[in-house]
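Go ahead and model the full structure; you've got the sequences and the hints to work with.
Every position in the sequence shown, counted from 1, becomes a number in our numbering once 5 is added.
Read the hints as simulated data drawn from the structure, not as lab findings. Incorrect hints may have been included.
What the hints assert, rightly or not - Below, in silico cross-link-like pairs of lysine-lysine (DSBU-like), each with a Cα-Cα straight-line distance of 30 Å or less: (1) K186 x K297; (2) K73 x K33; (3) K106 x K186; (4) K33 x K186; (5) K79 x K106; (6) K79 x K33; (7) K106 x K73; (8) K186 x K79.
Said to hold, decoys possible - Using C-beta positions, here's what the derived DEER-type ranges look like: (9) F18 x E66: 18 to 26 Å; (10) F86 x Q22: 35 to 43 Å; (11) R134 x K33: 31 to 39 Å; (12) R333 x V216: 15 to 23 Å; (13) R254 x S229: 21 to 29 Å; (14) N312 x L188: 44 to 52 Å; (15) E114 x A78: 29 to 37 Å; (16) E116 x Q22: 26 to 34 Å; (17) P77 x G249: 22 to 30 Å; (18) T279 x P77: 40 to 48 Å; (19) A171 x G281: 24 to 32 Å; (20) D121 x H285: 41 to 49 Å; (21) R333 x A78: 45 to 53 Å.
We put the beta carbon where it would ideally sit given N, CA and C, even for glycine.
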Amino acid sequence: MGHICLRGATKSFGDTQVIPPLDLEITKGAFVVFVGPSGCGKSTLLRLIAGLEDVTEGVVEINGQDAKHLPPAKRGLAMVFQSYALYPHMSVRRNIAFPMKMARIPPEEQERRIADAARVLNLTEYLDRRPGQLSGGQRQRVAIGRAIVREPEAFLFDEPLSNLDAALRVGMRIEITELHKRLATTMIYVTHDQVEAMTMADTIVVLRAGVIEQVGGPLELYHSSRNLFVAGFIGSPRMNLIHGDAADRFDAHTIGIRPEHIDIVSTAGVWTGTVGIAEHLGSDTFIRVAIKGIAEPLTVRAGGDANHGYGDTIHLQPRMDFLHRFARDSTRIP
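Printed below as a string of structure tokens:
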């Protein structure tokens, strides 16, 4: 079923509480991403679900059963780590089969599951190779295959793409997302990369210092961030945040505007500034603009053929319907 529920779950190391009381429900078949900066508790939370860390207080339920005292092997979950943890002397086939061998699954059933996993992951032609003969992406697929053959209630991914280069990360991101669509099994995925969170998840859990700041779909978090932390964390490039006197005119302590919601205009707009560094990415150009009275330069998204030069004067007009306003306590003003 893959339905996971945490109620009042906490984690402490000695006198230090790293996960304050936390409630979270993960529905069957969901793709949930835990995201946040380093040290926010996302991996610890995943390990509490997996049983690799004990819950200090509270309840962890898996399919309606209290799993607090169940060992990891009895929870029906399969975990994929940042490290592939493959046996170098074993073939791909034997690596994938290893957890089934430990579980004493009959050989015929092992072969069926290996064949099915290899087909799903495009590993059929590599089954007789050893890990050293594979690329990083292929090795990660072997690690995922080892999880698939366990036929778990849910998959737990702990930053599985961190060891891959940029191109492989993009490819594996797509493969894992497609795998979820095919298997329709609950997946929980930990990453510090909010681009991964936005492109893979149907539900994102944003964490800071062990506290859940917001739970919602990618576009919900992007367009309706609950507070300044979520607004500044979700989105790449990040949201422009403007404080103090420059925000007062909009009746807010802080205002936010995303780069794509600022237009470059030919006549005086709300802001006039000086062009700094421009990043040309082909389809888009991101321009940094210094504006008097605003502490940090604004990032503006323009077309790929934008030719504003360093030091040019530029006029900017924010799209008022996309302006985010925040109170002094950092919460969103409706």
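> Looking at the structure, which of the earlier hints fail to hold?
Replying inline: Of the numbered hints given earlier, those the structure breaks are 1, 10, 15, 16, 17, 18, listed in rising order.
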